[in-house]
Amino acid sequence: MFETLTDKLDTIFKKLKGKGLLKEEDVEFALKEIRLALLEADVNFKVVKDFVEKIRVKAIGKDVLESLTPGQQVIKIVNEELCELLGKTNSRIQLSPNPPTTIMLIGLQGSGKTTTAAKLARLFKKEGRRPMLVAADLQRPAAIDQLVMLGAQIDVPVFHSKEATSPVTLCADSVQKARLDARDIVILDTAGRLHIDESLMSELQQIKRNVLPKEIVFVADAMTGQDAVNIARNFNEQIGIDGIILTKMDGDARGGAALSIISVTNKPIKFIGTGEKIEMLEPFYPDRIASRILGMGDVLGLIEQAQNTFDQKEAEKLKKAIMDESFTFDDLRDQLRKMRSMGPLENLVKMIPGMNKMKDITIDEKEFAKVEAIINSMTKKERKNYSLINGSRRRRIAIGSGTTVPDVNRVLKQYVEIKRMLKMFKGKKGFKLPKVFPF
Amino acid sequence: MGFFDRVKESLSKAGFDRLKEGLTKTRQGFVDKVETIFTGRKIDEVALEEFEETLIVSDIGTTAATGIMIRLREKARIGDVTDVNSVKALLKNEMTDILGESQPILVHGTKPFVILAIGVNGVGKTTTIGKLASRFRSQGKSVLLAAGDTFRAAGIEQLEIWAKRADTQFVQHQKDSDPAAVAFDAVKAAQSRGIDVVIIDTAGRLHTKSNLMEELKKVKRSIEKAMPGAPQEVLLVVDATTGQNALSQAKLFNEAVGVTGIALTKLDGTAKGGIVVAIRKSLGIPVRLIGVGEGIDDLRDFDPREFVEALFS
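Quick mapping for you: the protein sequence lines, in order, are chains A and B.
When the letters of the first sequence are read in order and numbered with this note's numbering, they come out as residues 597 to 1035.
When the letters of the second sequence are read in order and numbered with this note's numbering, they come out as residues 33 to 345.
Hints listed in this document are in silico derivations from the structure and should not be mistaken for laboratory results.
Just to be clear, a hint being listed does not mean it is correct.
[Claimed, not checked] Mimicking SDA-like on lysine to any residue, the simulated pairs with C-alpha atoms at most 25 Å apart in a straight line are:
| hint | chain 1 | residue 1 | chain 2 | residue 2 |
| --- | --- | --- | --- | --- |
| 1 | B | K207 | A | E978 |
| 2 | A | K1019 | A | E978 |
| 3 | B | K124 | A | K1019 |
| 4 | B | K241 | A | K645 |
| 5 | A | K873 | B | E247 |
| 6 | A | K642 | B | S345 |
| 7 | A | K645 | B | N286 |
| 8 | A | K628 | B | E81 |
| 9 | A | K642 | B | I100 |
[Stated by the list, open to error] Listed next, the stretches of chain A that the computed footprint assigns to chain B, with coverage defined by at least 3 CB atoms under 8 Å from CB atoms of chain B:
| hint | region |
| --- | --- |
| 10 | 625-637 |
| 11 | 786-795 |
| 12 | 806-820 |
| 13 | 846-860 |
| 14 | 924-935 |
| 15 | 1005-1017 |
For each residue, glycine too, the CB sits at the ideal point set by N, CA and C.
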């Protein structure tokens, strides 16, 4: 879906992440790259301009410069702005208190209205409702046949007439028919039209006046370029839209049209089409897509969790232990417990940027439990001074923790390794705590 | 040097200073001021940004737009261009050069002339075929349409209606049958009936679906089998509303079946279709036809000058 933009921003943020403190020119440089990436992703020129300005105002401020992790701060700002643009909540189709709920699909030719109509009908049917499709596209050759076939495929009735000449009358009739047949959802598949075609746009207005649809859904192609703003603005101003369905999201389009359309209409994206098959319609989650655009999994969640878990005081204590080279098995156990308290490690790892691309990450939580058990079976003295742990003590620890001597040996070896690493870090300037740890 | 590096360099402080310096110089002379009055607006940072916007909003892509802007800033610096009109003329020339001469589809050689129409979903393949068929008919050629979109509901019916409208012959199989077989039969039928032009429709497919691209390769192979040298034209239909993704479409379709020409549809809207400039530049594929409406006659030969004129209107 948004992979390509994701990759782009990934490279940008890799550069940002490597720095301790962000300077103004770093932010400027990042903004230039964000701007280009967004333009390449087909986000409209003006939308990008506004977006970058917002980020600039927020990024080159005290918050960023005084923050401990400015790189993360910029990421957070970009992510927040993206989320804000994409809409804060996932908004479903509104149902009318007096059925039937009439949903009118409008859009350009070839945006995918007919396929989407059938997909929506299938979804409502699955929810136990009684949808009806209306073949109101009297323009395109065989559009009626197409909807009738799709209706048959999902066993949903299709109101149609090959003799009809006015989609306005047909749509009005269809709602009557739906009432008679106790259908609670009516989906109008209107003909594709250009937003500047006055006569066809006024036809849509007439349908709207006659049918009073509960929801007017603008169906847009995810591959749309810069013109997305003109198209969406025209449909919204002339007809008034309640929501958007973005189609063909299964290709490699960067999907910047989503940002463009939302920013000119201020209406939510309700669903995304992710394939030609009739079940391929998914709800749209702005936060997910924004994270996806940024290619960082749920980094913010990770940061928050880490902040909650490692409070400043404890961090200082640990830092002191490292500086004194007095990092003991007690300290190691504390750290292990903290990491585990952040939630399932597999989820944690997936939240780490870049890691979400790696498939099938499996972390054996049991390994951590084992290490903890081994540390627990040591005496206080042993925990403070590992060199005490000779062969017989190892056997005792193994029995006490329900493990084997090789297990104990491995933990000892790892501990020595960590100590050695810490010693190395100690000498480095600008050394930061969390990075010391295995992940 | 990577793309970003180049951009960075061009946008670097030194670059800006150089540009500013150049602009100040050109602003100084009295002659220049007079010139401004007679030739229109002077080139300044605002004007340059407006040009960049025009370029990007036309969908020609950031790579092309950035490249053009770098050259433009350089020309502004050395004083080659001073006012808005001369910049426009320069840009138009540059675009027209990239697009090359008009290259319409010319039916030639051994009968039948086979055209394979391909593209992603919803770009207007079937409509374009209908219009193209009608145009050949009006030139007195015999035409056969092949219903190769066996996947989409009513894909066959849609083409059949166009075949009737344009008064052409029509070859179809059942829905969900092998499109390669349809194509093979169509070419064979055209050969035995002495038809001039065969146009084969295909199901819309996203260029990233490898199984569907394999299917398309098979269609092409079966056409070659039925008639060596065919298809003489592999026409990629591109929606003018599409953004940068059209370049990816052209690349992958070209890799799969070798695209020989592009039909740019839906140019009657507000989209400029500038991405064809990028396609022409990176892949060398010419635009042959443009679609400017739903009517049967709304298909024209592509005229690079007219197109470029529209980009800057």
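Results of checking the hints against the structure:
1. A C-alpha spacing of about 77 Å is found between K207/B and E978/A, which places the hinted pair above 25 Å, so the restraint is violated.
2. The hinted pair formed by K1019/A and E978/A meets the criterion: a straight-line CA distance of about 20 Å does not exceed 25 Å.
3. About 64 Å separates the Cα atoms of K124/B and K1019/A, which puts this hinted pair outside 25 Å; it is violated.
4. For the hint linking K241/B to K645/A, the alpha-carbon distance of about 34 Å lies beyond 25 Å, and the restraint is violated.
5. Using a Cα cut-off of 25 Å, the hinted pair K873/A and E247/B holds, with the two alpha carbons roughly 17 Å apart.
6. Note on K642/A and S345/B: the hinted pairing holds, with a Cα-Cα distance of about 18 Å set against a maximum of 25 Å.
7. Note on K645/A and N286/B: the hinted pairing is violated, with a Cα-Cα distance of about 34 Å set against a maximum of 25 Å.
8. A C-alpha spacing of about 14 Å is found between K628/A and E81/B, which places the hinted pair at or below 25 Å, so the restraint holds.
9. At most 25 Å may separate the alpha-carbon atoms for a hinted pair to count; K642/A and I100/B meet this at roughly 20 Å.
10. For the region 625-637 of chain A, the assignment as covered by chain B holds, since 7 residues bring a beta-carbon within under 8 Å of that chain's beta-carbons and 3 suffice.
11. Counting residues of the region 786-795 of chain A whose C-beta lies closer than 8 Å to any C-beta of chain B gives 3; at least three are required, and the coverage claim holds.
12. Only residues whose beta carbon comes within less than 8 Å of a beta carbon in chain B count, and the region 806-820 of chain A has 3; three or more means the coverage holds.
13. Here's how the region 846-860 of chain A fares: 7 of its residues keep a CB closer than 8 Å to some CB of chain B, so the rule of at least three is met and the hint holds.
14. Evaluation of the coverage hint for the region 924-935 of chain A: breached, as 0 residues show C-beta separations to chain B shorter than 8 Å, against a requirement of three.
15. Under a criterion of three residues with beta carbons nearer than 8 Å to beta carbons of chain B, the stated coverage of the region 1005-1017 of chain A fails, only 0 such residues being counted.
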